[in-house]
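J.: The hints should help you fit chain X onto chain B, whose structure is shown.
Heads up: the sequence lines are chains B and X, in that order. Residue 86 in the numbering used here is what sits at position 86 of the first sequence, and the numbering runs on without skipping anything. Residue 78 in the numbering used here is what sits at position 78 of the second sequence, and the numbering runs on without skipping anything.
The hints are simulated quantities; they were obtained by calculation from the structure and are not laboratory data. Any given hint might turn out to be false.
Unchecked claim - Computed footprint of chain X on chain B, listed as stretches where at least three residues anywhere in the stretch have a Cβ under 8 Å from a Cβ of chain X:
id : stretch
1  : 63-74
2  : 81-91
3  : 98-105
4  : 149-157
Computed from a predicted structure; not experimentally measured. Each residue gets a CB set at the ideal place from its N, CA and C atoms; glycine is no exception.
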Amino acid sequence: MPPLLEVDGVSKSFGGVAANVDISFDVTEGEILGLIGPNGAGKTSLFNAISGEVVPDAGEIRLAGHRVSGLPPEQCALLGIARTFQVVRSFDSMTALENVMVGAYARHSRTRVAMAQASETLAFTGLAARADVPAHALTPAEKRRLEVARALATEPRLLLLDEMLTGLTPVEAQSGVQLIRDVRARGITVMMVEHVMEVLLPLVDRAVVLDLGRVLTIGAPEAVVRNPEVIRAYLGDRYAAA
Amino acid sequence: MGTSITRRRRQELIIGVGLLAVLALLPLPIHDVYTRNLIIITVLFAGLAQAWNVLGGYCGQISLSHALYFGVGAYVSTLLLTRAGIPPTIGMFAGGALAGLMALLVGWPCFRLSGHYYAIATVVVGEIGFLLALNWDWIGGATGINIPYRRAIGDSWLWLQFRIDKLPYHYAALAFAAAAWLVAWKIEGSRWGFVWRAVKDDPVAARSLAVRIFPSKMAAAAISGALTGIGGAIYAQYVGYIDPDSVLYGQLSILIPLPAVLGGVGTLWGPLVGAAVLIPLSELTRSYLGGSGRGVDLMIYGALIVLVALARPQGLASLVGVRVRAPAGADDAATA
Chain B
1 MPPLLEVDGV SKSFGGVAAN VDISFDVTEG EILGLIGPNG AGKTSLFNAI SGEVVPDAGE
61 IRLAGHRVSG LPPEQCALLG IARTFQVVRS FDSMTALENV MVGAYARHSR TRVAMAQASE
121 TLAFTGLAAR ADVPAHALTP AEKRRLEVAR ALATEPRLLL LDEMLTGLTP VEAQSGVQLI
181 RDVRARGITV MMVEHVMEVL LPLVDRAVVL DLGRVLTIGA PEAVVRNPEV IRAYLGDRYA
241 AA
Chain X
1 MGTSITRRRR QELIIGVGLL AVLALLPLPI HDVYTRNLII ITVLFAGLAQ AWNVLGGYCG
61 QISLSHALYF GVGAYVSTLL LTRAGIPPTI GMFAGGALAG LMALLVGWPC FRLSGHYYAI
121 ATVVVGEIGF LLALNWDWIG GATGINIPYR RAIGDSWLWL QFRIDKLPYH YAALAFAAAA
181 WLVAWKIEGS RWGFVWRAVK DDPVAARSLA VRIFPSKMAA AAISGALTGI GGAIYAQYVG
241 YIDPDSVLYG QLSILIPLPA VLGGVGTLWG PLVGAAVLIP LSELTRSYLG GSGRGVDLMI
301 YGALIVLVAL ARPQGLASLV GVRVRAPAGA DDAATA
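Isolated chain B, as found in the complex (with noise of 0.2 Å):
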């Protein structure tokens, strides 16, 4: 059986910037694998070649062996990609519960069934008592989770997550990273983008580092902060040989 998500050389310039370089590597079913990099590695680049929004110029991806790269959002979404952005964004006209709802009508055209179901989504992520509340009055916390309940109720194989935990308080970061690792008890398979190191590298099972949009390195996260080509590309070259 194939990896859930291949990325197979996949390189991408906007212009004469290089945002991803010939980049490779697999997602495993049931993992949570960090995405990091200093910024501009070429993170929420790769995110958007993922999730359709962008056509690599060279390469290939893959999910569950069948090619998505060239796709649009739309159809990658129905083939089981969902994603939230790293900027917010929330259907500011609809409450909670509406903006779920959206996700949900992906799977099911009947607006009971949709109802039912983005409820059930809310009420996962922790929403269930703002499910009437305009989105655009939710906190910013309460806005990534929305993202990610919206996200969910497309009922996913894999969730894209573009820096879900950053810009959060240490309280709302920590319940941020449980409701993480809710959704992977949930057989879905995620990929994060996130800044936040002390929360991420318990969080995931592997990470890939990006810089200048090359893979620097790929494997367990402890094994992957003591690489001095990482430590160079974060910190400098004073700090590698410590």
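T.: Frame of chain B, contents of chain X only:
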């Protein structure tokens, strides 16, 4: 939690039926022809604005070519009547279908543009339609088409002709407005309504949730255009004479959305409330300031819209305690 949506929708339906009953009885004690005409036009515009609201409100595509769909409906049903002897009760559905088709034809190229560019493109398309009709002799050109009263038939619902008493036109307009309202109500509670609002609020996020943007816009345009066309056909029968200046003129493309904008875009009651305020106001100013031309009523329109946009961006409907979905950030702005 989901029950609150269901409950609200049931309430809306009850209010809708109650309102329908009130509007059905409203013209009965009024025998003054002028006032009755005012009520009929108001009801008609409530329906037209609701039809526009389907595309412009729920789906967020600011179309300024609705005069074209209105005109197509009016012309098709009238031509079917005068050239083929087909009764307008059938002709108006043919007109609606063609207007819907026309909306799809306009949408096909225009929906590739977004935001203001889309709106500008639709203005141009509407103007093209006007000029074509003006120079097309087979459909009457600039002279227009007169709808003859068929004496042999007399007043008839099938032929939508009423000379002795114009009251039945009120019921025709009311049936149209009620149908438009019901379509909007149905859309609000269905997959389409949710998906369209998602397209309006954030197309990028919508696509990530498997929403297909272009087909969604096309579906909204077809329904909106078809409803507008039916309204045009009823209007043609009511006034008994059509020409490009009365059913295809560019200003009409502004007049149709205005009640929805004023009352509350993308809301169920907005178009109705907006029409109830705007149309009588416009008629009154036109009759009192008649000599000074058509401009003054539009100035008052404009001033009113500016006032509402400043004081109540959610629209007038939110004033009467009707639950209205606030546009993005409106509440934040109010509380800030």
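J.: Each hint needs a verdict: does it hold in this structure or not?
T.: To see whether the hints hold, each was checked on the structure:
no.: 1; hint: 63-74; in the structure: holds (count 3)
no.: 2; hint: 81-91; in the structure: holds (count 6)
no.: 3; hint: 98-105; in the structure: holds (count 5)
no.: 4; hint: 149-157; in the structure: holds (count 4)
Violated hints for the displayed structure: none, as all numbered hints are satisfied.
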